[in-house]
Amino acid sequence: MSYDEAAQRTLASFAARLTQSPLAVPYMCCAAHMLSKRPARQVIVAGPAGAPDTSALLDAVHASYCPDKVVLVLDPTNPGEMEFWRAHNPPAHAMVASHFAKSQQPREGKWRPRRVTSSW
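With the UniProt record's numbering, the residue at position 48 of the sequence shown is 48, and numbering never jumps.
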């Protein structure tokens with residue numbers, strides 16, 4: 001039985017309770033919403049756990065309300081974690097591994113962001 005089938009069976013068995021008193025089972029309401037909104041939005045934050053820029057990206061992801069988003073945090077410096085994602089979510093692993101490999105290549109010169117000034 002797939003995860004979707006199991007979720008549908010579970011929600012069906014609680015349908016009466018969800019209809020009568022949805023606030024009694026809020027996480028089940030969230031699950032029903034996510035099941036009905038396929039595919040879910042997948043946001044991948046790649047960076048070492050606890051690093052300031054990784055934390056800043058997570059803050060930005062969680063700053064807006066989007067109940068049908070799934071947030072994955074992948075640490076490209078952690079071989080065990082990367083192996084887990086390679087086995088369980090190959091597209092996410094490939095994207096992060098490719099970007100991380102490019103970021104490790106030496107660059108000529110130093111890129112500097114252009115200063116943006118406001119005309120307000």
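It should be emphasised that the hints constitute simulated quantities derived from the structure, not laboratory data. Just to be clear, a hint being listed does not mean it is correct.
Have a look at the derived ranges for each label pair, beta carbon to beta carbon [what the hints assert, rightly or not]: (1) Pro79 - Lys102: 16 to 22 Å; (2) Ser55 - Met1: 15 to 21 Å; (3) Ala101 - His33: 33 to 39 Å; (4) Arg9 - Ala60: 19 to 25 Å.
A virtual CB, placed ideally from N, CA and C, is assigned to each residue, including glycine.
Violations among the numbered hints: Structure breaks hints 2 and 4.
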